[in-house]
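A.B. asks: Which chain is which? The protein sequence lines are Z and U, in order. 141 is the number that numbering that gives the first Met the number 0 gives to position 142 of the first sequence; each next residue is one higher, with no gaps. 300 is the number that numbering that gives the first Met the number 0 gives to position 301 of the second sequence; each next residue is one higher, with no gaps.
A hint or two may mislead.
[Stated by the list, open to error] Far from chain Z, by Cβ distances over 12 Å, these chain U residues were calculated:
no.	residue
1	E51
2	R146
3	D221
4	N274
[Said to hold, decoys possible] As a list, the in silico BS3-like pairs of lysine-lysine whose alpha-carbon atoms are at most 30 Å apart:
no.	chain 1	residue 1	chain 2	residue 2
5	Z	K499	Z	K447
6	U	K201	Z	K30
7	U	K138	Z	K30
8	Z	K499	Z	K552
9	Z	K243	Z	K30
10	U	K79	U	K138
[What the hints assert, rightly or not] Calculated Cβ distances over 10 Å to all of chain Z for the following chain U residues:
no.	residue
11	Y75
12	K79
13	N147
14	M245
15	V247
16	M260
Hints were generated in silico from the structure; no laboratory data involved. Source: prediction; values computed, not measured. Even for Gly, the Cβ is constructed at its ideal location relative to N, Cα and C.
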Amino acid sequence: MSFLTPLFFLGVAALAAPILVHLVRRTRARKVQFPALVFVRQVPQRTIRRRTLQNVLLLLLRCLAILLIVIAFTRPFFSGGSAAKENTAAGATVVLVDNSLSMRRDPLFAEAIKRAEAIVDEARNDEQLVVLSFDKRYAVVSRFTADKNRLRLAIRSISAGWDGTDYEQALRGAESLLGEIETSGPKKIVMISDFQAPGWNQNTATFKLANTTQLTTIDVASNEPVPNIAITNVEARGVVFGQKYLDNLAVHISNFGDTPRDRIQIDFQINEQTVEKRDISLNGRDSKVIEFTGFNLNEGANRCTIDVVSGDFAPDNRFYFTLRRETPAKALIAESASRGRSDSLHLQSALTTNDDLPFTFTLKSTGSVDPSGIAEYALVVLNDAGPISGALADALIKFVEAGGQLIVSTGPRTTADSFNALQRIMPASLREAVQTKAGESVAMTNVKFDHPIFEVFQESGRLAAAHVIGYFRSEPTATATVLAQFEDGSPALVESRTGKGRVLLFASSLGPSWNDLPLTPQYLPFIHQMVRYAGARDENSWYSLGQTFTVRKSANGQIPPVDTPGGARLSEGRNSPDGDLLVTARELGFYRLRYDGEPGFAAIDTDGAEGDFTKVNFAEFVAGVSGGTGTGEGGDANRNASGEEVEGRQRVWWSLLLLALLLLLAESVLARRTKMVKMVG
Amino acid sequence: MISPSTTPARFLDPELLARIGSLELLARAVVEGFMSGLHRSPFTGFSTEFTEYRQYNPGDDLRYLDWRLLGRTDRYFIKKYRADTNTQCHVLIDTSASMDYAHSSSVTKLQYAQFLAASIAYLLNRQQDAVGIVGFSDKVHTHVPARNRTGHMRTIFGTLSMLQPGGETRLAESLHQLAEILTRRGIVVLISDFYDQADRLKEAFQHLRFKGHDLVAFHVLDQNELDFDFTDPVLLLEDAETQEQMPVLPDVVMSGYRERMRQHVNDMRACAAANHVDYEMLTTKQPLDFALFSFLSRRAGR
Numbered sequence: 000m001s002f003l004t005p006l007f008f009l010g011v012a013a014l015a016a017p018i019l020v021h022l023v024r025r026t027r028a029r030k031v032q033f034p035a036l037v038f039v040r041q042v043p044q045r046t047i048r049r050r051t052l053q054n055v056l057l058l059l060l061r062c063l064a065i066l067l068i069v070i071a072f073t074r075p076f077f078s079g080g081s082a083a084k085e086n087t088a089a090g091a092t093v094v095l096v097d098n099s100l101s102m103r104r105d106p107l108f109a110e111a112i113k114r115a116e117a118i119v120d121e122a123r124n125d126e127q128l129v130v131l132s133f134d135k136r137y138a139v140v141s142r143f144t145a146d147k148n149r150l151r152l153a154i155r156s157i158s159a160g161w162d163g164t165d166y167e168q169a170l171r172g173a174e175s176l177l178g179e180i181e182t183s184g185p186k187k188i189v190m191i192s193d194f195q196a197p198g199w200n201q202n203t204a205t206f207k208l209a210n211t212t213q214l215t216t217i218d219v220a221s222n223e224p225v226p227n228i229a230i231t232n233v234e235a236r237g238v239v240f241g242q243k244y245l246d247n248l249a250v251h252i253s254n255f256g257d258t259p260r261d262r263i264q265i266d267f268q269i270n271e272q273t274v275e276k277r278d279i280s281l282n283g284r285d286s287k288v289i290e291f292t293g294f295n296l297n298e299g300a301n302r303c304t305i306d307v308v309s310g311d312f313a314p315d316n317r318f319y320f321t322l323r324r325e326t327p328a329k330a331l332i333a334e335s336a337s338r339g340r341s342d343s344l345h346l347q348s349a350l351t352t353n354d355d356l357p358f359t360f361t362l363k364s365t366g367s368v369d370p371s372g373i374a375e376y377a378l379v380v381l382n383d384a385g386p387i388s389g390a391l392a393d394a395l396i397k398f399v400e401a402g403g404q405l406i407v408s409t410g411p412r413t414t415a416d417s418f419n420a421l422q423r424i425m426p427a428s429l430r431e432a433v434q435t436k437a438g439e440s441v442a443m444t445n446v447k448f449d450h451p452i453f454e455v456f457q458e459s460g461r462l463a464a465a466h467v468i469g470y471f472r473s474e475p476t477a478t479a480t481v482l483a484q485f486e487d488g489s490p491a492l493v494e495s496r497t498g499k500g501r502v503l504l505f506a507s508s509l510g511p512s513w514n515d516l517p518l519t520p521q522y523l524p525f526i527h528q529m530v531r532y533a534g535a536r537d538e539n540s541w542y543s544l545g546q547t548f549t550v551r552k553s554a555n556g557q558i559p560p561v562d563t564p565g566g567a568r569l570s571e572g573r574n575s576p577d578g579d580l581l582v583t584a585r586e587l588g589f590y591r592l593r594y595d596g597e598p599g600f601a602a603i604d605t606d607g608a609e610g611d612f613t614k615v616n617f618a619e620f621v622a623g624v625s626g627g628t629g630t631g632e633g634g635d636a637n638r639n640a641s642g643e644e645v646e647g648r649q650r651v652w653w654s655l656l657l658l659a660l661l662l663l664l665a666e667s668v669l670a671r672r673t674k675m676v677k678m679v680g
Numbered sequence: 000m001i002s003p004s005t006t007p008a009r010f011l012d013p014e015l016l017a018r019i020g021s022l023e024l025l026a027r028a029v030v031e032g033f034m035s036g037l038h039r040s041p042f043t044g045f046s047t048e049f050t051e052y053r054q055y056n057p058g059d060d061l062r063y064l065d066w067r068l069l070g071r072t073d074r075y076f077i078k079k080y081r082a083d084t085n086t087q088c089h090v091l092i093d094t095s096a097s098m099d100y101a102h103s104s105s106v107t108k109l110q111y112a113q114f115l116a117a118s119i120a121y122l123l124n125r126q127q128d129a130v131g132i133v134g135f136s137d138k139v140h141t142h143v144p145a146r147n148r149t150g151h152m153r154t155i156f157g158t159l160s161m162l163q164p165g166g167e168t169r170l171a172e173s174l175h176q177l178a179e180i181l182t183r184r185g186i187v188v189l190i191s192d193f194y195d196q197a198d199r200l201k202e203a204f205q206h207l208r209f210k211g212h213d214l215v216a217f218h219v220l221d222q223n224e225l226d227f228d229f230t231d232p233v234l235l236l237e238d239a240e241t242q243e244q245m246p247v248l249p250d251v252v253m254s255g256y257r258e259r260m261r262q263h264v265n266d267m268r269a270c271a272a273a274n275h276v277d278y279e280m281l282t283t284k285q286p287l288d289f290a291l292f293s294f295l296s297r298r299a300g301r
């Protein structure tokens with residue numbers, strides 16, 4: 000039996016009250032000599048004994064009533080463990096051992112293994128046990144067995160990992176395993192962990208254990224706050240096209256401890272060469288973002304690291320990421336020839352003012368474009384292109400389906416019919432051109448600011464200030480996504496994917512013919528974002544441990560050998576439908592992709608939240624995941640939290656109070672009777 | 000018939016008598032006061048007295064033949080006399096610890112017994128009877144043989160005043176023992192609180208009677224031994240003889256105790272009657288003349 004509020008046991012002192020009353024009010028017998036007690040002894044002493052007994056009984060009743068009230072206030076409950084032991088049938092138990100990164104703190108993992116072995120030792124000989132290790136995923140270490148030796152071996156085979164923690168996944172796995180076994184005995188899950196708060200999110204958690212499943216939590220970590228400075232995230236554009244990195248490289252640093260820290264040294268290295276050092280200060284439970292920009296990058300892949308010089312938990316003191324500097328791809332702007340006057344002046348100007356764009360552009364008239372040469376471009380922009388030949392249309396369709404990017408804008412020279420040939424790949428079918436009345440204009444509305452093209456306008460919202468005087472009404476296809484609309488609801492910017500490529504349709508002009516967008520400050524970022532979006536690659540600058548990254552085939556169609564951060568040659572992996580290699584990251588650091596000539600890298604980092612050793616709120620955790628009885632053992636917080644849940648279900652205090660009430664009732668009846676007997680006597 | 004007079008009994012009140020230091024003076028005060036208050040009596044004394052004639056039968060002692068009558072009438076008659084009253088009397092006093100009790104009166108049972116014994120001794124001595132004193136508790140510890148010599152009374156009174164309470168009551172055993180000690184027939188006056196079983200006493204009485212003794216039993220009790228009247232709600236009673244302690248609720252025990260005590264007195268009375276023992280129950284508050292009247296009236300019937 001355990002108690003939720005044992006401090007109330009101080010109330011036992013109240014027992015002194017009835018005892019004192021009993022002693023004070025007790026008549027002290029006077030000693031009197033009497034000639035002979037022979038006749039006194041012959042009088043039945045039952046009455047005397049009964050009265051003495053009644054007095055003692057009254058005292059006992061009062062004491063017991065007070066004791067029961069005190070115990071009721073301590074909110075007792077019976078732990079599930081003992082109840083389970085009373086069950087005669089042997090049950091099934093899933094032992095969940097946390098081997099996430101945070102368990103690498105000394106001596107947590109060793110303690111977890113010890114506790115797991117102890118559970119196996121204490122288990123009944125006919126009890127079926129299974130051992131699971133878990134971090135963000137779970138792994139079955141041994142199948143259900145009653146063989147304790149095998150279970151011990153399985154437990155000893157678990158090693159501490161590098162990944163984050165997900166308690167919900169682990170419990171799901173344990174529950175599904177328990178569902179596989181049939182037993183009339185209790186089904187239990189014993190979770191051994193340091194119970195980090197980031198491992199469980201009450202708001203997103205949806206899983207609950209079955210009512211029949213009993214959860215026992217064993218906390219191997221102390222409840223003392225643990226100081227830790229960790230780099231939790233690096234936000235970087237993985238691929239750049241200029242020598243300098245002009246964006247802001249944002250590094251998130253958190254102090255998970257309660258005490259403020261000064262002069263924390265941050266080292267930024269590229270290819271093992273220090274680029275910059277910073278000193279920062281952090282308050283307790285605070286985080287800061289520091290930014291780096293303007294540094295030079297070598298051609299190709301660059302291995303970058305951010306280090307926090309701290310004596311805390313080492314695994315999260317270094318953050319790995321890659322920055323790739325690439326040569327811009329070729330892009331074609333095709334426009335209608337208009338007596339030597341280019342409508343793409345603004346567009347061309349916008350695309351050449353920044354050398355950190357993924358493309359270098361070539362301007363051609365539609366008629367001069369060689370359909371057979373389309374394939375050498377990565378992006379084609381049809382800027383108010385006018386009629387398109389069938390051959391060019393076929394070439395563009397093949398281009399998009401093969402992975403090319405196509406941006407289409409309309410204008411005065413655009414006719415709906417001219418796009419019929421491209422209908423297969425277009426995100427919308429053009430209807431009629433709309434010209435507003437003189438002096439009137441429409442604005443762009445319903446802009447999806449969460450889209451990469453518009454996210455830079457999210458805060459200003461100024462894009463809506465552009466005046467549009469002409470546009471094409473269009474009907475988006477079923478698979479298309481409308482990113483912005485005109486005021487009449489017609490799509491302004493719509494995109495769709497076709498094959499491996501993508502098509503963006505802007506239903507107004509990218510020149511000043513139909514809107515004043517090129518004359519506003521929003522034009523440049525709008526065009527840059529659209530082009531970057533078109534040239535964006537699905538390539539991260541870093542991956543979390545456990546994530547899968549793609550190793551693309553080299554130019555000769557071969558998958559390059561991959562070396563792990565530890566230097567071993569990777570032998571496992573699976574292929575994507577395109578024949579690329581899919582690798583699941585298992586180690587921290589840089590995976591080396593041995594392409595011919597120029598190597599590639601994939602940076603693997605820990606889950607940033609894993610450095611936060613704050614304890615989960617056990618009350619919420621047990622209530623959230625436990626459908627049946629849940630108990631906690633180990634840390635005090637654990638025990639209390641679990642106990643509160645169990646106590647809440649058992650409500651033993653109700654019964655105790657009721658019993659105390661009955662005792663007080665009996666006491667008053669007995670006291671009244673004793674008084675009456677005394678009066679009659 | 001002897002009856003108590005209207006003489007002020009204050010001189011015979013035990014509590015007043017207790018103030019008299021000398022037992023001799025006390026006894027004299029009691030007996031003289033008592034005797035002076037008696038009415039005229041047909042009895043003139045306890046000396047040898049003629050009662051009747053009867054015809055001589057062969058074998059009769061010729062000493063009792065009335066020669067004068069033979070000379071005048073030529074008839075043989077034998078003169079009959081009352082028995083010789085100059086007899087031995089032993090006063091037996093129970094000195095067990097239970098006799099050292101006084102609650103309703105300031106006089107303990109033992110003191111009352113001493114007064115009574117002194118008075119009886121004085122009275123008998125005045126009549127030229129030999130008086131002896133026996134003190135006993137669990138055994139006979141004091142024995143003054145019966146004498147009627149001059150100065151014997153001083154011994155009697157001295158012995159009586161020296162009696163101290165103590166020891167357990169073994170009345171029956173002590174009486175059996177005395178029956179063997181007192182070889183000469185006489186009067187035995189027994190003063191005790193009689194805390195013994197009636198059937199055992201019965202045998203002891205029979206033993207004494209068998210030895211030819213006339214037995215007078217004075218059952219001396221404190222009034223509270225009869226009433227069990229305590230004001231305390233609870234008492235820790237301690238047996239005077241065994242020191243055994245017992246918690247008691249007087250209000251609860253009283254009626255049962257009274258009933259048993261009354262039954263005991265009745266048993267004693269019946270036991271005495273069955274064995275021709277003159278029995279009288281006295282409380283320590285009762286004047287001593289009551290006891291003397293009782294004694295004398297019963298003796299007059301013999």
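A.B. asks: State for each hint whether it applies.
C.D. replies: Tested hints:
Non-interface call for U/E51 relative to chain Z: holds, since the shortest CB-CB distance, roughly 50 Å, exceeds 12 Å. A cut-off of 12 Å between C-beta atoms confirms that U/R146 is not in contact with chain Z; the least separation is 33 Å. The Cβ of U/D221 does not lie farther than 12 Å from every Cβ of chain Z; its closest approach is about 8 Å, which violates its non-interface assignment. Under the 12 Å C-beta cut-off, the non-interface status given to U/N274 relative to chain Z holds; the minimum distance is some 22 Å.
Note on Z/K499 and Z/K447: the hinted pairing holds, with a Cα-Cα distance of about 23 Å set against a maximum of 30 Å. For a cut-off of 30 Å, the pair hint linking U/K201 to Z/K30 is broken: about 34 Å separates their Cα positions. Proximity of U/K138 to Z/K30 is assessed by CA-CA distance (about 29 Å); at most 30 Å being required, the pair is judged to hold. At roughly 16 Å between alpha-carbon atoms, Z/K499 and Z/K552 fall within 30 Å of each other, so this suggested pair holds.
Distance check on the hinted pair: Z/K243 and Z/K30 sit about 110 Å apart at the alpha-carbon level, beyond 30 Å; violated. The straight-line distance between the Cα atoms of U/K79 and U/K138 is roughly 42 Å, outside the 30 Å bound, and the hint therefore fails. Here U/Y75 stays apart from chain Z, with its beta-carbon at least about 61 Å from theirs, past the 10 Å limit. For U/K79, the requirement that its beta carbon stay farther than 10 Å from each beta carbon of chain Z is met, with the minimum near 48 Å.
No Cβ of chain Z approaches the Cβ of U/N147 within 10 Å, the least distance being about 35 Å, so the stated non-interface status holds. With a least CB separation of 6 Å from chain Z, U/M245 falls inside the 10 Å interface cut-off, contrary to its annotation. Distance to chain Z contradicts U/V247 as a non-interface residue, since its nearest Cβ pair spans about 6 Å, not more than 10 Å. The Cβ of U/M260 does not lie farther than 10 Å from every Cβ of chain Z; its closest approach is about 6 Å, which violates its non-interface assignment.
In summary, the structure is inconsistent with hints 3, 6, 9, 10, 14, 15 and 16 from the numbered list given earlier, while agreeing with the others.
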